[in-house]
Amino acid sequence: MATLTRQDLNFGQVVADILCEFLEVAIHLILYVREIYPSGIFQKRKKYNVPVQMSCHPELNQYIQDTLHCVKPLIQKNEAEKVVMVIMDKEHHPVERFVFEISQPPLLSISSETLLSHVEQLLRAMILKISVCDAVLDNNPPGCTFTLLVHTREAATRNMEKVQVIKDFPWIVADEQEVHMEEAKLIPLKTMTSDILKVSHSQLFCTESQKLNEIL
Amino acid sequence: MDYLYLDNIDEFVNDQNKIVTYKWLSLTLGVHVNTAKQMLYHYLQQKRNEGSGTPLHATYLVSGKCVENGSKCHKVSVVREDKLNAVKAKMDVTISVHVYSVQRAELKDSSPLYNTDYDAVKENIKNCNKYSTIRCAAAVPMSSAEVQRAQEMALVPPAGKEISKTGLNENTSATPKPSAKQPAGIMGMFASKNASKSQESSKEVKTEQKDDSSLVETSKSKTASKANPMSNLFGKSAQKKADEKPNKSIKEETAASSTAPAIMKQSQTSPKSKIDIKDEQSKVSSALKVESKDTRNKTKRPEVVDSDDEKMESQQKKRRRIKKPQPDSSDDEVVPDSPPVPNVQTPSPKKQVKREHVSHQEVSITNNTLTEKGYVSESYSESEEEPEPNSQAKDSSSLKQSFGKREEEKKEKREKKTSTANKPTKQPSIMGFFQKK
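Protein chains in written order, with the numbering used here: chain G, 1 to 216; chain D, 1 to 437.
Calculated directly from the structure, the hints in this document are not laboratory data.
No experiment lies behind these values; they were computed from the predicted model shown.
There could be a bad hint or two in this list.
[Claimed, not checked] Some chain G residues judged to face chain D by a derived CB distance under 7 Å, without partners named:
hint, residue
1, 103
2, 132
3, 134
4, 135
5, 137
6, 143
7, 149
[Unchecked claim] Derived DSSO-like pairs: lysine-lysine, alpha-carbon spacing no greater than 30 Å straight-line:
hint, chain 1, residue 1, chain 2, residue 2
8, G, 44, D, 72
9, G, 82, D, 130
10, G, 44, D, 90
11, D, 108, G, 90
12, G, 46, D, 75
13, D, 72, G, 82
14, D, 90, G, 82
Note that CB positions come from ideal geometry on N, CA and C, so glycine has one too.
One chain only, chain G, in its complex shape (with noise of 0.2 Å):
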């Protein structure tokens, strides 16, 4: 990274870069912990100085990272509101639901040096959060799958259906079976408010276990 002033900095771009590397870990955290794909194809790599969990597989790495790519736009101006990942059964019913809020607050500035270690601390905190996340939840039926969603405004949705920002990688809107959820449970998992952003990190979960309790 080339040396700038503080003023040339684009700070929208810095927060959507530290949002979307949260993400990305995250997420890939969240795939390690609720079991969605076998722990063999993670492997421990360090962020924000500890050990996460991360997958190996190309494809997969690939799929996350192009959607969040296509997220950072949105987070810069300031118009995802949230960015949920979905955790489905094998008939596509959602199971869980990981729900990152983002707002950013209305006067962004970089106020001291601190600033950084300190949005560190905050999402090493989140990580720890997510680690530990199994002891409230039950566990999900085998053969889940998982989808990214991101909640935005209508402007921003035919903008992105009009300029494909990465190739062959296109947005639908959502089907409403994705979407909601019967019998959700709110289990709030962690807020972090910083200077620069504001995330809150709440799971909804489906009490579907009468459902399965009839299967089994």
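Fit chain D to the supplied structure of chain G, relying on the hints for placement.
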């Protein structure tokens, strides 16, 4: 003796869903670590006796003497409760067992344990040993003059130290460092995508961290300098032998816990790096040893040697490859965004895939990329039927030959020269990776 601490621990564990390690507890409550351990034990006993609702999970720190691979060692490991008895039985002498942490969640790996301690220790960094029993009278903070002197010394380090530092850096520094990846097994399948990404991300991370950047330069120069003597020592024909030797050395390393006598020059770096890595590991969490001991050992040990070997070999490969620039047109099919992957696919010797053309990308890109790609494709060859879209550096293949496929190397070389066709590769399905496991 008041039992308020039981309520405190209860609040931390059940209400806040925290992981309570003894270190964190001692720093939070301001008590000696041994007291903290006893508190946790007492809490566990009480909760278990009550038999109340929420299940608690605990991890224990077991330390004792055992004989591993023929050599005696003192082993310290963090184990989950369900594995505690098995680990204790395996030891000849169990020296100490105590509660390491208590939490509600059943942890899948040891990272959260480190994470919980990290911030607590960081805040108390000046006196994080206040409650500890480990003491060293000679360990006092350096005066600023001494610190300055040390920094100046560090700027002119001996080559060996650099190399060992780099080895250490490679293994502990930021995100995807394929050199730190385990070649065998599922990891092997993951291809150059990681290499390219890691290249960029590793560069970014390195610019963030000052000391890393200097090490990057030194590592690059080191590989260049190392490559030259290596290329002198080994000609094309001797390449195989050279490959076999590090393979043997890697094999020995994986077999024995002691540093293997590596034949190559890098051997001097590998023992150092291994020691450094071991220190790092013990610092981070000794859970690595037990919870996934076998796989981890394989990962950690050959890593350093491999990375060094790879660089050297990739350099050599680079020289040879320049003669044969090969546009990898069919790379696009496999992964559009990733660096072009040579997708030659031959059925029987899967090694052949590895040996295929080095993508000329390798030629033009820096050592890091070369190293990474080579390394990745190497392990890639391990997979059985799944064709790897990423069949890059054969250099790495040579390294992983430790699993006894030397004849194929020769075959590969021959075929590499003759086969030029770009056969389309099948995209691997996830099932292939699972079978690999």
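Status of each hint after checking the structure:
no.	hint	in the structure
1	103	violated, 25 Å
2	132	holds, 4 Å
3	134	holds, 5 Å
4	135	holds, 4 Å
5	137	violated, 9 Å
6	143	violated, 12 Å
7	149	violated, 22 Å
8	G/44 <-> D/72	holds, 29 Å
9	G/82 <-> D/130	violated, 44 Å
10	G/44 <-> D/90	holds, 27 Å
11	D/108 <-> G/90	holds, 24 Å
12	G/46 <-> D/75	holds, 25 Å
13	D/72 <-> G/82	violated, 55 Å
14	D/90 <-> G/82	violated, 50 Å
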